[in-house]
Structure formats: structure tokens, C-alpha cells
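Novice: Given next are the chains, with one letter for each unit.
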Amino acid sequence: MADPIKLAYFMAVKEGASYLGGLLVTDPSGIPLDFRYTEPITPTRLQSILYGKSLEPHLKEEVIQKTLLKELKTAPDLFILSATELAGGWSGDARFPALAVQKSQEQPLSKPGDAFRAGPRELLLQVSEGAAPLRVIFAASVDTVAQEQAVQKLLEAGYHMDLTEPLERVAAALQSLVVKEG
Amino acid sequence: MLGRVKGAMADAAETLRRVFSDPPVREVRAGAFRLQSHAAAGPVAESKAGHDPLSAELRIMPSLEQAARERGMEPLRAELRAELGWARWGAEATVLRMAPLVPGLAARVAVPPLPGKAETRGRLDPPPRPAARRLLDLLSLPGTRRVDPLLKGGGGRSGLETMLALPVAIQGEDIQRLPKGIWMRYSLQMVRNTGENVRNLEVLGLFHLPRKGVGDLRHDARRGRILVRLEAEALKAPRVPFILARRKDDGALLSCYLEDS
Numbered sequence: 000m001a002d003p004i005k006l007a008y009f010m011a012v013k014e015g016a017s018y019l020g021g022l023l024v025t026d027p028s029g030i031p032l033d034f035r036y037t038e039p040i041t042p043t044r045l046q047s048i049l050y051g052k053s054l055e056p057h058l059k060e061e062v063i064q065k066t067l068l069k070e071l072k073t074a075p076d077l078f079i080l081s082a083t084e085l086a087g088g089w090s091g092d093a094r095f096p097a098l099a100v101q102k103s104q105e106q107p108l109s110k111p112g113d114a115f116r117a118g119p120r121e122l123l124l125q126v127s128e129g130a131a132p133l134r135v136i137f138a139a140s141v142d143t144v145a146q147e148q149a150v151q152k153l154l155e156a157g158y159h160m161d162l163t164e165p166l167e168r169v170a171a172a173l174q175s176l177v178v179k180e181g
Numbered sequence: 000m001l002g003r004v005k006g007a008m009a010d011a012a013e014t015l016r017r018v019f020s021d022p023p024v025r026e027v028r029a030g031a032f033r034l035q036s037h038a039a040a041g042p043v044a045e046s047k048a049g050h051d052p053l054s055a056e057l058r059i060m061p062s063l064e065q066a067a068r069e070r071g072m073e074p075l076r077a078e079l080r081a082e083l084g085w086a087r088w089g090a091e092a093t094v095l096r097m098a099p100l101v102p103g104l105a106a107r108v109a110v111p112p113l114p115g116k117a118e119t120r121g122r123l124d125p126p127p128r129p130a131a132r133r134l135l136d137l138l139s140l141p142g143t144r145r146v147d148p149l150l151k152g153g154g155g156r157s158g159l160e161t162m163l164a165l166p167v168a169i170q171g172e173d174i175q176r177l178p179k180g181i182w183m184r185y186s187l188q189m190v191r192n193t194g195e196n197v198r199n200l201e202v203l204g205l206f207h208l209p210r211k212g213v214g215d216l217r218h219d220a221r222r223g224r225i226l227v228r229l230e231a232e233a234l235k236a237p238r239v240p241f242i243l244a245r246r247k248d249d250g251a252l253l254s255c256y257l258e259d260s
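Chains as they are written, first to last, in numbering that gives the first Met the number 0: chain A, 0 to 181; chain B, 0 to 260.
Simulated from the structure, these hints should not be mistaken for lab results. In this text, all values refer to a predicted model and were calculated from it rather than measured experimentally. Do not take every clue at face value.
When the alpha-carbon atoms are kept at most 35 Å apart in a straight line, the in silico DSBU-like pairs for lysine-lysine are as follows [what the hints assert, rightly or not]: (1) B/K235 <-> A/K152; (2) B/K179 <-> A/K152; (3) A/K69 <-> B/K235; (4) A/K102 <-> A/K52; (5) B/K211 <-> B/K247; (6) A/K69 <-> A/K152; (7) A/K13 <-> A/K110; (8) B/K211 <-> A/K69; (9) A/K5 <-> B/K179; (10) A/K102 <-> B/K235; (11) B/K247 <-> A/K5; (12) B/K247 <-> A/K13; (13) A/K102 <-> A/K5; (14) A/K72 <-> B/K179; (15) A/K72 <-> B/K211; (16) A/K72 <-> A/K152; (17) A/K13 <-> A/K65; (18) B/K211 <-> A/K102; (19) A/K102 <-> B/K5.
Per label pair, the in silico range of CB-to-CB distance [claimed, not checked]: (20) A/E14 <-> B/E230: 23 to 31 Å; (21) B/R221 <-> A/G87: 31 to 39 Å; (22) A/A170 <-> B/Y256: 40 to 48 Å.
A few chain B residues that face chain A, going by a derived Cβ cut-off under 7 Å, partial list only [said to hold, decoys possible]: (23) P141; (24) G158; (25) M162; (26) L165; (27) V167; (28) A168; (29) I169; (30) D173; (31) T193; (32) H207; (33) G214; (34) L216; (35) H218.
For each residue, glycine too, the CB sits at the ideal point set by N, CA and C.
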């Protein structure tokens, strides 16, 4: 029997002058298997000046994300993050197909499992019966073959869970951590 | 011979005669040597006082005077001062006397030899090398807080505990897609576990939940899911089918785990 799918949900937020990130690993039901978060990172004023506009992408991709992934015992099958961060030119870790999943307002496709390709990196995926299809956006590093494999895993997990909901949990958890730290 | 002597004598006589003869007289008019006297003006010393004494002329401008009177100002008063220029010059002049030259005071001055090698001055020293300081400190990797999913021992701040404090949304399965035999078995188990008549039950959903560690449950009918609050032991508990139903007569919610085998 194959190992159950592991989905990694990543989010990095900025609170004041500090950055912190969280990585939630769930099973195909959305139940958390692991959750790690970083301590808030507060760049100095000099670092902010020297890094300029590259500060935030560098912190999120090179510092926070890699630090969290390095701590994982097992590699996730999919690396899911927000569409906003993916649209910002996310490079990510090539070992895990990085993608964003978001709800759409499109008409449902004919049946669950159907997909409509809206672009080389974007498609609409009908996960559940009668609901609006999900919009799936892949990172540039994910080729077509890897996209097809990822779609099958999304369908398998989406049968039991809301694929977009865990990211909201990560955001809420980080928010609560910020309040605790404060 | 004698003739020559006579001739010479005659020439000499003629010469002497011409030498001692009276010079020619020319009459000069007496008027030409008459003295003409010209009267020249003698030197006249003109004495001047060095500076003319200053004099001030008082002029009164009727308009200003009137204005000053109206404003209560004192009228302008001129003060007459005089200064004798020569007296001032004499008092301030300094007489300089030059000392006469005294012989024998000259001394021999030795001329210093030219330097054999020119000394270079003003040479720029090489600028000192600045000490390099590294400003670009790499962002240090943040410390991660990792919690074992098994949650052995308690205490401390746990990332997973934080996550477990949040409700987990679990989507219901599509019952219509289940094989009929499985659904019949599930219905039978539901009736047996709840003790209700199957006609009085409305199935709200079939979910896969951990067998243990489900602390709280809330049904989200609009989205066809349940929100569960899990405890730590739920993480290693097996997932089993879980059915949620509503009793039709009073609307009460009923639930039970189902055997998957």
C-alpha cells in the first residue's frame, strides 16, 4: 500500500518589521501531521537597505522556506502556497512541485476529475461534484509531466478535504503566534 | 743764380708786406651793439597758510527747520573747527638719518656648495589601505521550533499544539459515489450503533476521522464539511469512516464510527 499523500502548506507573513513563516504538513484528510514555524526574523535597517527589494523574496524563499523544509523528516508530495507569492516569481525547491490552489467563480466542469487547461502553468480542476472548479497554478519549475502527477494527487486529496482550507489555518496559527510573541 | 735770389727776395718782401699791412676795416653800426635792458620780474615769495581754515556756512532750510520744530527735535548745530596743516605735518614728521658707511666691516661670506643630490620633497605617500569591514552580514537562519508529532511530554511551546488548537475542516465524501454494498453495510452499522430507525435518520455526510482524539465537532452544512478540534492522540490514531446524521423528528445530530473492514 502506497504511503498516504502528504501536502505541505507554506506561508510567510510580515508582521511589523518582522517576518515569520509556517509550514503545515497534512494527510489527505487535512489532519495535521507536522507544523513548524520560524521565530520572527527582524532585519536590521542596514540589511533592509542593502537587500532592497530582494529582501522579502530572499527571506521567504532562501531563509524561511529552506529552513522549514530542512527540518522535515519526510518530503511532502506537493508544496502549496498562496497564489500571491507564487505570482511573485517563486522559485522554490525543485524537489517538490510548488503550486497554488484557489477557489474560482467559474462554472463547474462536467464531472469530478475533469481539468481545463487555461495556460501552460494554469488549469481549472473539478475536484468535487457540483462545486466551482479550483484554479491550480504551478510554479515555473514544474514541467508538464510533473503537473499531471500533481493533478492526480490533488484529486485524491480533494476527495476528502478542502484543498484551500489548510492555508487559512497556517495564517491563523501564525497570527496567534505573533500575538503570543507580542 | 742771382736772378733766383732776387726773385726769392722779392717774394719774401711781398709776403711780409701783406702780413703787416693794415687789416680791412668794416664799419659797424653803433646801434647794433646797444645794450637792451629787459626788466625781469624778481622772485616773489608767496606765502600761503598750509590749509585754508575750514569754514562752515550755516544754511537753514526753512522746511527742515519747520519739520524739526514740529517734531520737537533739536536743530542741527554746526561746530566750527580749524586745523593748521603745517603744524600737524611738523608734529607727525619723522626725520630719518642714514648712518654713513663704515669701511672695513665687510666680511667674506663663503658660498655653500651645491648639494650633490637633490632632495625630493612633497612626494605623496601611498594612501593607507582601508581596513575592510564586512557590512553584509548574511541573514542568520532562524531557529526552528520543532515538535514531535507524537507530542511526548508536554509543556513548552509547540507548533503543532498551536495548529491543533485550530479547527480542522474535513470534507464529506460523496455518498452517491460509494459502491452500493459498502453503503448498505454502513447504513446497517449506523442503525445498530445509534439505535434509531433508518427512516428517521437523514445522513449529513460520511467523513474519515481519527478513531481517537476528536475533541469537538461542528457541522458546516453549507459547505458539506465538518470542523473538528483534534487532540494530540488523534495524530497517530487510524482514520476510520465516521457518519453524521440528523434525527428527523427532533433535528438532533447523531454520529458514529463505522468499521471499515
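Novice: For which of the previously enumerated hints does the structure constitute a violation, in increasing order of number?
Specialist: 7, 11, 12, 14, 19, 22, 31, 33, 34 and 35
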